Amino acid sequence: MSLAQALEIASATDPGMVRSHNEDSIASDADTGLLVLADGMGGYNAGEVASGIATTVLTTELQQLLVQKPPHTIEQASGKAVAERILREQIAKANTSIYQAAQSQPQYAGMGTTLVVALFYDNKMAVAHIGDSRLYRLRGEVFEQITKDHSLLQEQIDSGLITKEQASQSANKNLVTRALGIDPAVEAEIHEYNTRVGDIYLLCSDGLCDMVSDEDIGMALQTLGANLPLCAQHLVQTANDNGGRDNVSVILVRVQREYRAPRGVLARLFGWLR
Amino acid sequence: MAKLILSMDGLVLKEFTLTKERTTIGRKPHNDIQIDNLAVSGEHAVIVTILNDSFLEDLGSTNGTLVNGQPVKKHFLQNNDMVELGKYKLKYISEAPAQSKAADFEKTMVLRPGAIKVPTAAPAMHAAPAAAAPPAAAAAPAARAFPDTLPAAMGATTQQPAVRVPPPPPAAPQKTGALQILSGGNAGRELELTKPLTTLGKPGVQVAVITRRPQGYFITHVEGASLPVVNGKTLDAQAHPLHDHDVVELAGVKMEFFFKA
Chain A
42 MSLAQALEIA SATDPGMVRS HNEDSIASDA DTGLLVLADG MGGYNAGEVA
92 SGIATTVLTT ELQQLLVQKP PHTIEQASGK AVAERILREQ IAKANTSIYQ
142 AAQSQPQYAG MGTTLVVALF YDNKMAVAHI GDSRLYRLRG EVFEQITKDH
192 SLLQEQIDSG LITKEQASQS ANKNLVTRAL GIDPAVEAEI HEYNTRVGDI
242 YLLCSDGLCD MVSDEDIGMA LQTLGANLPL CAQHLVQTAN DNGGRDNVSV
292 ILVRVQREYR APRGVLARLF GWLR
Chain B
270 MAKLILSMDG LVLKEFTLTK ERTTIGRKPH NDIQIDNLAV SGEHAVIVTI
320 LNDSFLEDLG STNGTLVNGQ PVKKHFLQNN DMVELGKYKL KYISEAPAQS
370 KAADFEKTMV LRPGAIKVPT AAPAMHAAPA AAAPPAAAAA PAARAFPDTL
420 PAAMGATTQQ PAVRVPPPPP AAPQKTGALQ ILSGGNAGRE LELTKPLTTL
470 GKPGVQVAVI TRRPQGYFIT HVEGASLPVV NGKTLDAQAH PLHDHDVVEL
520 AGVKMEFFFK A
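Chains as they are written, first to last, in this note's numbering: chain A, 42 to 315; chain B, 270 to 530.
There's no promise every hint is true.
[Said to hold, decoys possible] The calculated DMTMM-like cross-link candidates involving lysine to aspartate or glutamate, where the alpha carbons are at most 20 angstroms apart (straight line), are:
1) Lys189/A to Glu228/A
2) Lys444/B to Glu461/B
3) Lys464/B to Glu256/A
4) Lys464/B to Asp255/A
5) Lys464/B to Asp257/A
6) Lys444/B to Asp282/A
7) Lys342/B to Glu206/A
8) Lys464/B to Glu182/A
9) Lys464/B to Asp282/A
10) Lys471/B to Glu182/A
These aren't lab readings, by the way, just hints derived from the structure by calculation. Here the structure is a predicted model, which means the values were calculated and not measured.
All chains should be built: construct the whole structure from the sequences, respecting the hints.
Given below as structure tokens:
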């Protein structure tokens, strides 16, 4: 079942005002309801290589798997939807690919990438993330951050060492505690959320949220939500107006209508048999 | 590397570099920064440094610790903060990396678990018997030094200008724009454009947005079949800069854009 009718997607990516090249990589596919955003790091152009591998592996592999098996099917072994398992497995695969490339080629040594992936299915959304790339949600008037960064700063906030207000002044903004491709294995944080018609989701790299306050991002989504491409462009522009010190990438999705997976008697029967 | 400059009555006495994870300040000789004055407690305060951030904590001293004139229990030190213990002053200078290196420095890096050493429990216990020391995770070593939140530090830091926040774009102080409605039921009304985004029009029919940027004000079409008209010319989908006394026509309403004096 194609989700192209249910999801409107717009994206933008920009190297920013300071960096010469863009180490972010984004991919989206409305048909399968898959969105991937990766923010690479590592010397020379290795960051681009890492984020590029991440988006390529995840989109090609997941698109194939999603055709084979509907993501909402509940698996007996774990009691969870297929979506979560395939996300976990493919993220592990992307991690291995980046890690091996980094090991085998000296110019790629130490490269890695942060990642945020959203997969829409059956009026739900599975979100996987690693590092400080984020997913936000605008539902009605409420704009909130859904993912929690894997970063030193977030750990300091959690431990009560500093407040969120003080965090914006910290010099340790750029330290992530988890990344894809750095170690032989990495654990992605995966959660499932129910979606509602009218929700707008924003996937972004830290180039946006470091330069633009959450308040201004929320305001942009509220006022420009009717025109997603303009909204994406506006967010990138605001980050650049504020200094644009890092690559900026955004993917916006609006849920246009319900997209419940078809569940006939036969489909259910197949679900049991599998 | 951040440093502290110790002075009294405007006289610089000594300079200390914050190389250690915990730098203790007090009257007794075992302190890293010893201030031999009776107004200073034996174990007066401690500064915990994690990478580029330093946190000051008063260890229940008799006469207290001031930062920029405010008494604090715990404080997230900012560049040029003035710490006062009795008549002694400690100026906190955080040497930000040079501008040329800054871009490189800001690149995202991975912090492996164990990269930060957990401070040894012994001096913490000795210096601050009141501070409970639960086993902290490796990546949150300072949690034990600051077991609770920082209500006292809040007031002080908010008054301080955010030193490390990226400098605002180099734009001259911008004049505020405004719209005066020329036709329709609300003719004569004035709308100040202070927000970064202001939408105009009727949702579902025709909406345009005016964005406030360092370069000035811009109008962009958002939704609707017809496009906004500026000075009699229909716009395309691109953002259009607004000049003083431009006349905008939108959803049948005319309005004039102008800069407030």
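Each hint, compared with the structure:
no.: 1; hint: Lys189/A to Glu228/A; verdict: holds, 14 angstroms
no.: 2; hint: Lys444/B to Glu461/B; verdict: holds, 11 angstroms
no.: 3; hint: Lys464/B to Glu256/A; verdict: holds, 12 angstroms
no.: 4; hint: Lys464/B to Asp255/A; verdict: holds, 15 angstroms
no.: 5; hint: Lys464/B to Asp257/A; verdict: holds, 10 angstroms
no.: 6; hint: Lys444/B to Asp282/A; verdict: holds, 17 angstroms
no.: 7; hint: Lys342/B to Glu206/A; verdict: holds, 18 angstroms
no.: 8; hint: Lys464/B to Glu182/A; verdict: holds, 17 angstroms
no.: 9; hint: Lys464/B to Asp282/A; verdict: holds, 15 angstroms
no.: 10; hint: Lys471/B to Glu182/A; verdict: holds, 19 angstroms
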